[in-house]
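A.B. asks: When you get a sec, could you build the whole thing from the sequences and use the hints?
There are 2 protein chains.
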Amino acid sequence: MFSQTTEYALRAMALLAYYPDQLVPTPTLAEETKVPPTYLAKVLQQLSGADLITGRRGVGGGYKLSKAPEQINMLDVINAVAPIRRITTCPLGLADHGSNLCPLHRRMDSAAKVIIELFEGVTLADLVNQREGSRPLCDKAKAAKLTVSISKK
Amino acid sequence: MFSQTTEYALRAMALLAYYPDQLVPTPTLAEETKVPPTYLAKVLQQLSGADLITGRRGVGGGYKLSKAPEQINMLDVINAVAPIRRITTCPLGLADHGSNLCPLHRRMDSAAKVIIELFEGVTLADLVNQREGSRPLCDKAKAAKLTVSISKK
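Taken in order, these protein sequences are the chains called P and V.
Sequential numbering of the first sequence, starting at 1, is according to the working numbering.
Sequential numbering of the second sequence, starting at 1001, is according to the working numbering.
Mixed in with the good hints there might be a few duds.
[What the hints assert, rightly or not] As a list, the in silico DSS-like pairs of lysine-lysine whose alpha-carbon atoms are at most 27 Å apart:
{"id": "1", "chain 1": "P", "residue 1": "34", "chain 2": "V", "residue 2": "1113"}
{"id": "2", "chain 1": "P", "residue 1": "113", "chain 2": "V", "residue 2": "1034"}
{"id": "3", "chain 1": "P", "residue 1": "64", "chain 2": "P", "residue 2": "34"}
{"id": "4", "chain 1": "P", "residue 1": "67", "chain 2": "P", "residue 2": "34"}
{"id": "5", "chain 1": "V", "residue 1": "1113", "chain 2": "P", "residue 2": "113"}
[Unchecked claim] So the derived list for chain V, only partly shown, Cβ under 8 Å to chain P, looks like this:
{"id": "6", "residue": "1007"}
{"id": "7", "residue": "1091"}
{"id": "8", "residue": "1135"}
No wet-lab data here; the hints were simulated from the structure.
Just so it is clear, CB atoms sit at the ideal spot from N, CA and C, and this is done for glycine as well.
C.D. replies: This is the structure we're talking about:
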């Protein structure tokens, strides 16, 4: 249902949300999100194009969130790479349907609506600030290593 | 959120659901669903591969549902072309996550669950048997024409 790009974008944004005030080097991003670097570069460009992150490409480059993790929700991230669209008029362009959707497209639109509401209500802060249970991208060993590697920069 | 292929597969199945006992010629299918014929051919192959339709390709070919419209739901159709998968273990393969999903993947899985439940509960019969309001693929003029064109075969 969600593309690989969507999954990767969410991973990258979750990682950046752990370090909202720091430029995270792109090799660290690639390693921690387990996304192939060339694929990740494209995803980061899209996120940057949507003004969700700022930074610079290339050697020595890195990225950080352009807003606080509390101000970016999952839908913002998804919409930056693969927008979820409501169906507002007949996709077949049938004249006497118009905005009066048939049962097929009404159901598809309901699905879009439910998903939009679900993701709109979850910020990046909600994803990474949980203190108990497993945390995005982090097993215990990696979490420790990551903190060290970024704070040295 | 849903691919073009998913949209086209649902259109094709809705059309076939109007005529559960007849082989609908592929040119009619293409015309009424407004799907490019070569694209439609691939979609029909996938639906046939999932045993949702039976028929034959090529000139003089056509397709019909392999079961009654009451026995095929929207999820069956979607899963035939672009399966919606639940997330059951950590997509990053983090050892200490396992099936204990982090908040990110728990939300993504919730979305998949909601969508599965929504589409599982709607059969093709539900889509085409509505008597009031607009009906899938049909404006009033086309609906009349379609009945005539198929019943002549």
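A.B. asks: Tell me, in ascending order, the numbers of any earlier hints that this structure violates.
C.D. replies: none
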